[in-house]
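Chemist: Sequence:
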Amino acid sequence: MATATEKLSALQTAVAGLNEIRSESDSCFVPCSENEKSGFINLVTRYLSGEAQHVEWSKIQTPTDEVVVPYDTLAPTPEDASEVKNLLDKLVVLKLNGGLGTTMGCTGPKSVIEVRDGLTFLDLIVIQIENLNSKYGSNVPLLLMNSFNTHDDTQKIIEKYQNSNIEIHTFNQSQYPRIVAEDFLPLPSKGRTDKDGCYVPFEVHPTEFIFSGMHHLYLPLKHHISAITVKIVLDVIDLSSLEEFWYPPGHGDVFPSLSNSGKLDALLSQGKEYVFVANSDNLGAIVDLQILHHLVQNKNEYCMEVTPKTLADVKGGTLISYEGRLLEIAQVPDEHVGEFKSIEKFKIFNTNNLWVNLNAVKRLVEADALKMEIIPNPKEVDGIKVLQLETAAGAAIRFFDKAIGINVPRSRFLPVKATSDLLLVQSDLYTLESGFVIRNKARTNPENPSIELGPEFKKVSNFLGRFKSIPSIVELDSLKVAGDVWFGAGVILKGKVSIVAKPDVKLEIPDGAVIADKEINGPEDL
1 MATATEKLSA LQTAVAGLNE IRSESDSCFV PCSENEKSGF INLVTRYLSG EAQHVEWSKI
61 QTPTDEVVVP YDTLAPTPED ASEVKNLLDK LVVLKLNGGL GTTMGCTGPK SVIEVRDGLT
121 FLDLIVIQIE NLNSKYGSNV PLLLMNSFNT HDDTQKIIEK YQNSNIEIHT FNQSQYPRIV
181 AEDFLPLPSK GRTDKDGCYV PFEVHPTEFI FSGMHHLYLP LKHHISAITV KIVLDVIDLS
241 SLEEFWYPPG HGDVFPSLSN SGKLDALLSQ GKEYVFVANS DNLGAIVDLQ ILHHLVQNKN
301 EYCMEVTPKT LADVKGGTLI SYEGRLLEIA QVPDEHVGEF KSIEKFKIFN TNNLWVNLNA
361 VKRLVEADAL KMEIIPNPKE VDGIKVLQLE TAAGAAIRFF DKAIGINVPR SRFLPVKATS
421 DLLLVQSDLY TLESGFVIRN KARTNPENPS IELGPEFKKV SNFLGRFKSI PSIVELDSLK
481 VAGDVWFGAG VILKGKVSIV AKPDVKLEIP DGAVIADKEI NGPEDL
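With the working numbering applied, the sequence shown covers 1 to 526.
Hints listed in this document are in silico derivations from the structure and should not be mistaken for laboratory results. Glycine is no exception: its CB is placed at the ideal position from the N, C-alpha and C atoms. Hints may be right or wrong, so weigh each one.
[What the hints assert, rightly or not] In silico DSS-like links for lysine-lysine, alpha-carbon gap of 30 angstroms or less:
(1) Lys362 <-> Lys459
(2) Lys417 <-> Lys59
(3) Lys37 <-> Lys480
(4) Lys347 <-> Lys299
(5) Lys468 <-> Lys441
(6) Lys417 <-> Lys496
(7) Lys299 <-> Lys379
(8) Lys459 <-> Lys347
(9) Lys135 <-> Lys272
(10) Lys299 <-> Lys417
(11) Lys480 <-> Lys441
(12) Lys496 <-> Lys468
(13) Lys506 <-> Lys417
(14) Lys90 <-> Lys59
(15) Lys502 <-> Lys309
(16) Lys417 <-> Lys160
(17) Lys458 <-> Lys402
(18) Lys272 <-> Lys402
(19) Lys518 <-> Lys417
(20) Lys85 <-> Lys309
(21) Lys506 <-> Lys459
(22) Lys459 <-> Lys402
(23) Lys37 <-> Lys7
(24) Lys518 <-> Lys468
(25) Lys458 <-> Lys441
(26) Lys37 <-> Lys59
(27) Lys7 <-> Lys85
[To be verified] If you anchor each label on the Cβ, the simulated ranges turn out as follows:
(28) Asp117 <-> Ser164: 13 to 23 angstroms
(29) Lys379 <-> Asp401: 30 to 40 angstroms
(30) Pro455 <-> Gly522: 13 to 23 angstroms
(31) Lys59 <-> Ala367: 26 to 36 angstroms
(32) Asp117 <-> Pro455: 20 to 30 angstroms
Just need the whole structure built from these sequences, with the hints factored in.
Modeler: Spelled out as structure tokens, the structure:
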């Protein structure tokens, strides 16, 4: 069994040999820059050293209102429009845009899924910032942090916004090689199996291929290799699967990637002071002037938006007070998982809406001080067990001065992770105003209804095809739907509703049906 030192030495040698593949558009297909190599080795070194954030459970304390500030105690936004403009001119909005829509049956970046009225997540983000800039004469730019999965598509998509009144910039987060669990070497330096499952070593290291388009292969002059060998190699390798060798190392990478891309220095030179970071699929993550004003006035370098936790919120980290500092904890010892998921002791959770001072980011990145907790994520690629090491941006809170949380209304956390969420935001529970998704005031229950849709509704295309129109759910408490169920137009759902079709039964809910507190399993129950 190799020691940690031996593993690291072998890994460093292998990583040093990883070069770069570029496609015809000159975008990186499998890039590995010197910054990325260095960042990867640093992350692995920390992991092998056993470095960890050790928290004594008994010392955990609930944060006070001084460090997790109630939203309703924030000072109002300045009334003077010129003051608001000055505030906004300090701001840049950064959306995490590295995810694909595959879990919802869509191709390409998740941010281009249509959310409502034919508008995508990205459309709504652009409209919101356009309206701010138009109203106050400000210049709030939009940054999109892409992954190698979304970069090329995003570059094409944003061309449609070229006549808008906002600057849109993109940069890529780092791409690290997956580590083979067996020998702790980078996956790209290994061979791979052919279609019959036989192991075939690369005649030429695949990371030394240079592509022009997907059908042309060029080799560095140092390789003397016959056309026949090249053809064999190309027959064996599925070029599209080369992306599986690499991974984006979590959104904690946003800070070094912002710096490495050159965007951080460019923003600082324009007088920008704060970045608002949020997931592109969180429809509630809009610019909030009260929060920005509070941070500027109090010189807070970091702010995490948290919101009251419900029993449904079993994922996501929470903020704690620990030895005089705020910490985010997301990974919990097995013996405390039940307590962590309860809402008795841990009453808030991280929305992943973050506000961060750009000068502080520069200071900490240059000092290599952002050593966030490492999240090991085991995977399997073509039958090979691999490991990818990730970090989360929320865990950076402990490194910033005067860091705070703000306990915000639940309306600022409206993520769309599945078609059940899409049903909520496309229903009469919400309306769309100037790019903002606004909750219907006719809904008296402060919580949204719980919605559980079966696998027949998992893909967006199937989901949309099974509804003539989205039902009215303003008075709905819970909904469970499974089986071959189809909804007519103008359906109204109230209370607790369960519609689970019997096997091999097509269950059609008629137009205009009103279903209240009812369980339906077949046409006879309607």
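Chemist: Of the numbered hints stated previously, which ones are contradicted by the structure, given in increasing order?
Modeler: Failing hints, ascending: 1, 2, 3, 7, 8, 10, 14, 15, 17, 20, 22, 26 and 27.
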